[in-house]
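We have chain A; now place chain B onto it with these hints.
Chain order of the listed sequences is A and B.
So in this note's numbering, spot 54 of the first sequence is number 1405, and the numbers just go up one at a time.
So in this note's numbering, spot 43 of the second sequence is number 174, and the numbers just go up one at a time.
Careful, some of the hints might be misleading.
Restraint ranges, calculated between C-beta atoms of paired labels, are given here [unchecked claim]:
1) A:P1418 / B:I134: 17 to 25 Å
2) A:D1435 / B:D135: 27 to 35 Å
3) A:E1355 / B:D135: 39 to 47 Å
4) B:S133 / A:S1374: 16 to 24 Å
Which residues of chain B face chain A? A partial, calculated answer using Cβ under 7 Å [said to hold, decoys possible]:
5) S133
6) R140
7) I143
8) R144
9) Q147
10) V163
11) K165
12) E166
13) G167
14) V169
15) T182
16) V184
17) E187
18) T188
19) F189
20) A190
FYI, nobody ran anything at the bench for these hints, they're computed from the structure.
Where is the CB? At the ideal position from N, CA and C, for every residue including glycine.
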Amino acid sequence: MTLEDSPRDARDRRIAKERLPSSTRKGRVGGRLNFVFIKQTQMGIPFEITLYYDPDEDGYLAQLISPEIERDWRNPHIGHIFEDGVICVGGAKGRASPDLLTAFSKSCVWAEGIAIMIASRNAGRPTEFPFSDNNHPGEVG
Amino acid sequence: MSIDLNRLRETIRQNQTAGDATPTDPRRQVVVDKEGNVRFGDQVSGDQPVTQVPQETFAS
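Next comes chain A alone, as it looks inside the complex:
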């Protein structure tokens, strides 16, 4: 805990220490506490993702830092990521999860899914996002 920490921040730091990857970096951006971690996928593509609480969205967001996702895939029903890099971890709410660990766990599954899309496209066999049954038809490409 630091002098800047709110009770929520202190709780999230404790959860992060116990349940997020040991290499997770913690820091503040614009006064907001961020947890940045690397997700290694089975397709061999690493993802850098930041997790934070956004009071304006009343929940926790998972935002992709890298790699760059192609523009056509940045759609909630194609790559399941918004234009600003926020991953669709919120279920019915779309963007925000109710807690830090839900945002973390769903972003890890999302990374495995988008890694399959990237690897399939690179192999010349484009496929849809594999882990959601609400993809738009004709989205493969």
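The following block gives chain B in isolation, referenced to the frame of chain A:
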């Protein structure tokens, strides 16, 4: 340990179709360990801290 990605896709899609985002059967649960590795609930031991992943669709 790696996960069978085809089984993962089938499990998540079936649970979404059934409207069961948090199944109680460990074989149908998807969990993430501390390092972000995705596993099925029947692949982890009780003393290993994991987070169960809600399996609803990724956007409404």
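### Task
Compare the structure with the hints numbered earlier in the document and write down the numbers of the violated ones, lowest to highest.
none
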